[in-house]
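Number of protein chains: 2
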Amino acid sequence: MDKQGNYRDFIYQDWILTETQFHPNQLQSRETIFTIGNGYLGTRGSFEEGYMGALPATFIHGVYDEVPVVYTELVNCPDWLPLVVTINGDRFRLDRGEILNYSRQLDVSQGLLTRSVRWRSPQGSTIDLHFERFASIADRHVLGQRCQVTPLDFDGLIEIQASINGYPENPGFNHWEYLEQDKTDRGIWLHRRTRNSRIDIGLAANLTISGAEASLQVYSAPGYPTLSATFMATANQTVTAEKVVTIFTSREVSAPEQAAREKLVVLPNYETLLLEQQQAWAKIWQKSDIIIEGDVTAAFAVRYNLFQLLIAAPLDDDKVSIPAKTLSGFGYHGHIFWDTEIFILPFFIYTQPELARNLLSYRYHTLNGARRKAAHDGYKGAMYAWESADTGDEVTPRWALPNDPYGEDVRIWCRDREIHISADIAYAIWFYWQATGDDEWMRDCGAEIVLDTAIFWGSRVEFNPKYERYEIRGVIGADEYHEFVHNNTFTNRLVQWHLERAIKIYDWLKATFPEKAQELEDKLHLGTKQRSRWQDIIANIWLLQDSATGTIEQYEGFFKLEDIDLNEYEPRTRSMQAILGIEGANKRQVLKQPDVLMLLYLMRQSGESPYDAKTLQVNWDYYAPRTDITYGSSLGPAIHAILASDLGKSAAAYERFMQAAMVDLEDVRGNNNDGIHGASAGGIWQTVIFGFGGIQMTENGPVAHPQLPPNWTRLKFQLHWRGKWHEFDLRSQMEAEEQGAGSRGESFSSVVPESQLHNKVTTAAEIRGVIFDLDGVLTDTAEYHYRAWQRLADEEGIPFNREDNEALRGVSRRESLMLIVKNRPYTESQLQEMMERKNNYYVESIQNITPKDLLPGAIALLEELRQAGIKIAIGSASKNAHTVVEKLGIADQVDAIADGYSVQKPKPAPDLFLFAAHELGLPANQCIVVEDAAAGIEAGLAAGMWTVGLGPVERVGAAHVVLPSLAGITWAELKAKLNNLVTPKQ
Amino acid sequence: MDKQGNYRDFIYQDWILTETQFHPNQLQSRETIFTIGNGYLGTRGSFEEGYMGALPATFIHGVYDEVPVVYTELVNCPDWLPLVVTINGDRFRLDRGEILNYSRQLDVSQGLLTRSVRWRSPQGSTIDLHFERFASIADRHVLGQRCQVTPLDFDGLIEIQASINGYPENPGFNHWEYLEQDKTDRGIWLHRRTRNSRIDIGLAANLTISGAEASLQVYSAPGYPTLSATFMATANQTVTAEKVVTIFTSREVSAPEQAAREKLVVLPNYETLLLEQQQAWAKIWQKSDIIIEGDVTAAFAVRYNLFQLLIAAPLDDDKVSIPAKTLSGFGYHGHIFWDTEIFILPFFIYTQPELARNLLSYRYHTLNGARRKAAHDGYKGAMYAWESADTGDEVTPRWALPNDPYGEDVRIWCRDREIHISADIAYAIWFYWQATGDDEWMRDCGAEIVLDTAIFWGSRVEFNPKYERYEIRGVIGADEYHEFVHNNTFTNRLVQWHLERAIKIYDWLKATFPEKAQELEDKLHLGTKQRSRWQDIIANIWLLQDSATGTIEQYEGFFKLEDIDLNEYEPRTRSMQAILGIEGANKRQVLKQPDVLMLLYLMRQSGESPYDAKTLQVNWDYYAPRTDITYGSSLGPAIHAILASDLGKSAAAYERFMQAAMVDLEDVRGNNNDGIHGASAGGIWQTVIFGFGGIQMTENGPVAHPQLPPNWTRLKFQLHWRGKWHEFDLRSQMEAEEQGAGSRGESFSSVVPESQLHNKVTTAAEIRGVIFDLDGVLTDTAEYHYRAWQRLADEEGIPFNREDNEALRGVSRRESLMLIVKNRPYTESQLQEMMERKNNYYVESIQNITPKDLLPGAIALLEELRQAGIKIAIGSASKNAHTVVEKLGIADQVDAIADGYSVQKPKPAPDLFLFAAHELGLPANQCIVVEDAAAGIEAGLAAGMWTVGLGPVERVGAAHVVLPSLAGITWAELKAKLNNLVTPKQ
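From first to last, the protein sequence lines stand for chains A and B. With the numbering used here applied, the first sequence has no gaps in its numbers, which climb one by one up to 987 at the end. With the numbering used here applied, the second sequence has no gaps in its numbers, which climb one by one up to 987 at the end.
Just so you know, the hints here were simulated from the structure itself, not pulled from any lab data. The structure displayed is predicted, hence computed values, not measured ones. There's no promise every hint is true.
Claimed, not checked - Computed from the model, here is a short list of chain B residues facing chain A with C-beta under 7 Å:
id : residue
1  : Gly173
2  : Tyr220
3  : His377
What the hints assert, rightly or not - Residues from chain B that keep clear of chain A, each with C-beta distances beyond 12 Å, as calculated:
id : residue
4  : His131
5  : Ile210
6  : Gly212
7  : Thr241
8  : Gly438
9  : Ser533
10 : Thr574
11 : Gln578
12 : Lys717
13 : Tyr787
14 : Gln831
15 : Leu855
16 : Pro857
17 : Pro907
18 : Asp912
19 : Lys976
Think of the CB as a built atom: it goes at the ideal place given N, C-alpha and C, for glycine as much as any other residue.
Only chain A is shown next, with the shape it has when bound in the complex (with noise of 0.2 Å):
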């Protein structure tokens, strides 16, 4: 497998990510890339039809279970993907068979994952499938699945089986056991519990089949329910299965296998679920999309990193939090680490700050097991995990435990030394307070934990009264390649730090909730004495920095140790520890990730000491080279990028930057099958709004100094402070001037209320798309496609005329020729010989179509578009839509068409200008469909597109805008039309 190289069949669009080959050796890899969720679950992106060596997953949030040595763990669910499809005996799978044609798409705008792929089964039938599957984060408990087939060259037996597999695997080890299980009326579903937390798991699913006459049964296999619908196919004939799955646990009801069945029966139909699918996700990218132009790669791969934390973040619950390898894969077991509140929070903050709550809410939750940690190790007050689950309590393992029956075990000292987590948790709620101004939850959850662990301070740190200062002996700082070291100076600082802020919280709180400061103190046995204590400890903590040069050792004795030169051990593909051993690795000047410079990154969000630029220059200068930034820990290179940004190092920053954004789209490191590496997404955001985009908090409210890469030539994104959303629009030094915007790299920043952010993106400002019909829109095709129908009906003695002919807009070839033929009694092959007559007919006539049939009108309004930047697709039920296109001269101004080809339903579904929409790379609420037909209007409003309507009001009407036609239309004038809309029609 190609560890390292680049996903070279990975096609990267502003919203969207195509695979275009199927790699069977890469699958685990791949399934943590097209990892979908909605918050409440996340699912890898294994295939349907499952194939050995995939590591299918659905983890809920705080479905725990225990496990040996590592305690306890995130377990994998039960899977709702199975989806098998057999044609003539021949079962569907890519590795038998000839794959003519592949594609998989995750569209993050709206987070749907689909599959195209044309195969020919061992027995020589061609089919065209289409895959789709979404966990819908309109309705949490509700997961959707498509599949739709479409023999090629063939008619046959075709049996579709949906199935639950009850029998999930932590890959070795089985969590489930109770089992029970049924069928319904069209249904069926699951039962089952976790074997030691006892949770209860309830899953319901249900198949509907359209476009053919199905048989359907249910086997009832124990643990592997199946709902089979078996049909004749016909050839060029689509049908279409929709399977809908419902899912809860006891952590939610009671009952969680009664609340799926009673929720699956009164659910609306899958299309209407992915409607709200896609509605819930444009409202969610209102808030944290952030715009990249110039750099179509880390466009996208900034909102897919956005995208997995989106997916990853609790939505309704605040007793579970972000693991460090979200909701998917099985690395780290779903434990939590200070990944969440450094790394991961920021992003939340700004843009989610209800997620951010949640997420700080479950550190209050699980205070009890900080503290029962903190009196295990006999300490007071609050000592939070390294590794935290469902209690709170430590499950850090103590060993990594060697198969080889003579390999040595290996002590694991985080869970004693890597103490640091509970002042990184106090700086996250402290920050989040900043932003937020949310008083309430620090009054009645952020204060006593941020006392608490400061009580825990107080017994922690040792006086040294030799040297009369406070010293922190025996820890792992942040670089955890020392796995021994005594006051470290992040530790330490940030111990510092936290006391500071856990006066400055007391003495708020005495102020301010004068109750709730009196409950805390007898609570916590605190008063005047404890805050003198934290008084001296924050006026006597020893920090080893140089005050003549700046320099700061890193612990006591760093700069003892033997020096490294890591250049010399390049080309390297493994960490430095890997390399030198733990040993080996402890005894240089080797940092697995920042430290010191890590201390300066989280002193800089306040420019609190140590950082100012000469600390930080002279520090960068020493621990950057030694620093293992590419195999070492994947917390570094975001932080070493906003760094380098900082001190000018533009091409170093945004090479870090792109090591951080492709860690699991590439998978830079060569792990991403254990799960998105979810800090490194936090950093990614962090790099782009604190790094690129300079942003400071300042007590007005944030502030850019802009540092965009060379390349980029906008970056625009918004964020909460305080009860206001602030947008910036930043562009780079060419493009400003460009655009007469003033001095180099300038910024636009502007408060906006929440009310006004939340049309923004939805208002034609922000339009970027336009999908034009073609027949009756830009060209007289219609009048073509009239007189081929004519001929025909002509032929066959038919009456049919042009009044006749109003009906067949916008209808597709067959349905046309039903409106004409009526019920007369013609058999199928008649049907289709004369579908073909015609559009022969047709073909013929179109050979001579010229720019000269293009319609009034026509021809500028492309051009205008073109020239605004506004992208430009064709969405036609016709065929010969590239032929079309092509003759009238305009293929150039196109940027897609999406034709009779494309998508399997018709108009009025909205499947084509999805299609088109997609084809774009733009969300569909930034595309606009102008048509002249009814059902073409229908359709762009149900793909939640903006319309312009071509023709009277009778037949239009239901579009935003009604023109006559687009003689003399102008953008500036269209977009002044849509203006006056406040929302789009539903």
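Given chain A's structure and the hints, the job is docking chain B onto it.
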């Protein structure tokens, strides 16, 4: 759950264990008890229909896979048992509906597990279900399962689903990865592969329905292939489903799933497979059986324990051995301990020497693992693993890790310190060689083991120059309550003994096979220097025995430990280690199991130092009261029983014996859910043979010094010694006197060649039961039947006479009627009425039967048989047999009655006679059937019994012996006739 108590619902017969109640809360315990197997695999006694909380498991020898902490474990293989019966939509399960009748029987004479249930479904339908299963010991890749259903009060739709469950688990662990499956004609198959060890398994199964027109379907949920048969069942008509499963792994064949499929299609039918099973078991028991009279519980319990060892012994595989929990449970993960060589092996050495050889060859094949262990620990030669699996590498876990995140990790020291295992293996090899004279194996395998482990001892002992002695420091002895001791006498003496034998074997090899000796000298760097060192160690190793008193100190300093009175802790239900803690037990004079006494027991075999009467007495008196014999190790009681017997402590001996014998049958220690206590089972055999039988091996073979428990009237067994079989028939004093057989407790023994032993129990001399047909054999009820049928026929106007009646001999009521009415068009209800009417006539008439109705010779023969100790059963198709026997006045002479209610299948099926034999507690081949009907003779032959036919040759000529009637026939005469035959007819 009643962890402690006797299993009061159990009935013990000579060969049969009957469970009379369903115990949903004791599922796992009883699954262990009802384990079946065939030396290739073991299958726990889980119910076909499956229950929550059950632990179904099938273990196959050598199928290990990696697992955390304990390195490797025996893998639970795909479950072949699932068989689900659904009656009018109600799934048969004992925890729903109503149980009207229940019995489950394990017949160890033929390895057959059966269950008969009368069940009323929730909807109120009553049905008889009879389940059977066996793992064929005649063809170990074949598994048979049968289910017979008889609706009692309804006609209705019944579905029988027979599956293979491809999702077996070792609790919490899943070892299976690769998955493939498909269907065949009337069959299914499954192919899986272990995750790390890459062992493939293939299973195939088919399902045959008789007694109804069934429609067969295959469901193929991934991992759960299922055969489903659906049929309309009719009241009082039995439908039989037979499921035959074949199973292979890649340890035997390269393509196991193909092998399973191919084998399945060439197998004979279920009935034949079962017959082969019965015959194969009869042969095994000829060698391994022990007959105990006067104590039916002990008689069965001994056979049960031997059965559990026999089904765990690898028949054709010398690369595996018997795990501590056999193939019956998850305890100890299928690891192999000294339990096998010291406790289990003697049973095989003396009754199945080829199996003993296989077991010892396992140690030869894992010698390189032992060498790796020695090298890793810094020693020379071969140091066997305390826990061993497939490779012989050490797989004792290093840690017991708590689930509590703050709990202490407990270091397990056995892998490092319990080193006596290497001497234990040498001990077993020596006595195998002594008993078998297998020089070839000693030359090829045994010598290398004994010599290379002796080399290990040479590097392991330490010379103490101060005392000029060799010491072995830092060990765990047999008693595991003391974890770090020096100069454990048990270990030191065994090492000395081992080196003594090593020298003998080395000298023998040089003298007998000089080339092999040279080869080993080269390979092991062996020579005079090594031999001298061994002699020096033998002469100077420190043994802590007080020469004056004979008292042996368990190890250096044991007598200085705090003393303890175990009585003070009674009553208790936990081990002393659980009560005192590890440290608490360590510092007290409390033993988990015999240590000094274990040494004495091991030296007793050859009467070597320090074993003598005085030493035994003084050390028994010291150590027995300090040994946690109830809840310490299950290895203890059998050893105490033998030594107590030596000391004439008959009551104590019997108590310890029964404690061991019932450890699984009555879950004496509350842990039989983990699996059979293999070492205890082996200890049982040693207690009976070496303890109660008092067998000692002399150069002229084994001699007996019996000390039978008071209630035992007879103890009979045979031992294989240097190519010959020695039979022992030991009688208690009282019994012997009654038999006029000589002085008190004297025993009879005789040497027989194996060929004779083979015939022995199948010759008339060993016949122990006679099964008489009733009608036409003992009485004239045939005449009464004839009259009743005649009356009915007359009433119906159907021609019928005495000649017609001849065809009715041995034929069931319904079939008799059908023969009379022929193809006359009666309805079912008319037929029912006629059967009832005839029966009423018959029952009316048999009220007049008296002893005078006995046929000539019957009563004399019955009385003679009675006196000869031959058991007597009636095997009659009649439903009135009980009444007839009563009226004939022979109820006191008859031990069992099998009648028209006993089984489903009439003669010529063997069922009725097999049932009768079961009731007598006898294997089939120790029974004679006396019959007057052709169908009866056929049934007797099918049952594998001797047959005596009464009547003309043209009717009963198939029988072994044909007589005109019983008139004047004596038992002696009958035996003589049978003795003229060499083997029973097939």
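Hints versus structure:
1. With a least beta-carbon distance of about 6 Å to chain A, the hint placing Gly173 of chain B at the interface is held under the 7 Å criterion.
2. Given the 7 Å rule on beta carbons, the hint for Tyr220 of chain B holds: about 4 Å separates it from the nearest Cβ of chain A.
3. The interface hint given for His377 of chain B holds, since its Cβ lies 4 Å from the closest Cβ of chain A, which is under the 7 Å cut-off.
4. The beta carbon of His131 of chain B sits about 23 Å from the closest Cβ of chain A, which is more than 12 Å, so the claim that it is off the interface holds.
5. The Cβ of Ile210 of chain B lies farther than 12 Å from every Cβ of chain A, with a closest approach of about 20 Å, so its non-interface assignment holds.
6. With 12 Å as the threshold on Cβ separation, the claim that Gly212 of chain B sits away from chain A holds: the shortest Cβ distance comes to roughly 25 Å.
7. Every Cβ of chain A is farther than 12 Å from the Cβ of Thr241 of chain B; the closest lies at roughly 24 Å, confirming the non-interface assignment.
8. The claim that Gly438 of chain B lies off the interface holds: its Cβ sits roughly 37 Å from the closest Cβ of chain A, which is beyond the 12 Å cut-off.
9. Against the 12 Å criterion, Ser533 of chain B stays outside the reach of chain A, whose nearest CB is about 32 Å from its own CB.
10. Even its closest Cβ contact with chain A, about 25 Å, leaves Thr574 of chain B beyond 12 Å, as expected for a residue assigned away from the interface.
11. Interface exclusion of Gln578 of chain B from chain A stands, the closest Cβ pair being 22 Å apart, more than 12 Å.
12. Every Cβ of chain A is farther than 12 Å from the Cβ of Lys717 of chain B; the closest lies at roughly 46 Å, confirming the non-interface assignment.
13. Distance to chain A confirms Tyr787 of chain B as a non-interface residue, since its nearest Cβ pair spans about 54 Å, more than 12 Å.
14. No beta-carbon of chain A comes within 12 Å of the beta-carbon of Gln831 of chain B; the shortest separation is about 41 Å.
15. The claim that Leu855 of chain B lies off the interface holds: its Cβ sits roughly 57 Å from the closest Cβ of chain A, which is beyond the 12 Å cut-off.
16. With a least beta-carbon separation of about 62 Å from chain A, Pro857 of chain B lies farther than 12 Å from that chain, consistent with its non-interface assignment.
17. With a closest Cβ-Cβ approach of about 36 Å to chain A, Pro907 of chain B is found to remain outside the 12 Å limit, as its non-interface label requires.
18. With 12 Å as the threshold on Cβ separation, the claim that Asp912 of chain B sits away from chain A holds: the shortest Cβ distance comes to roughly 32 Å.
19. A cut-off of 12 Å between C-beta atoms confirms that Lys976 of chain B is not in contact with chain A; the least separation is 55 Å.
In this structure, none of the earlier numbered hints is contradicted; all agree with it.
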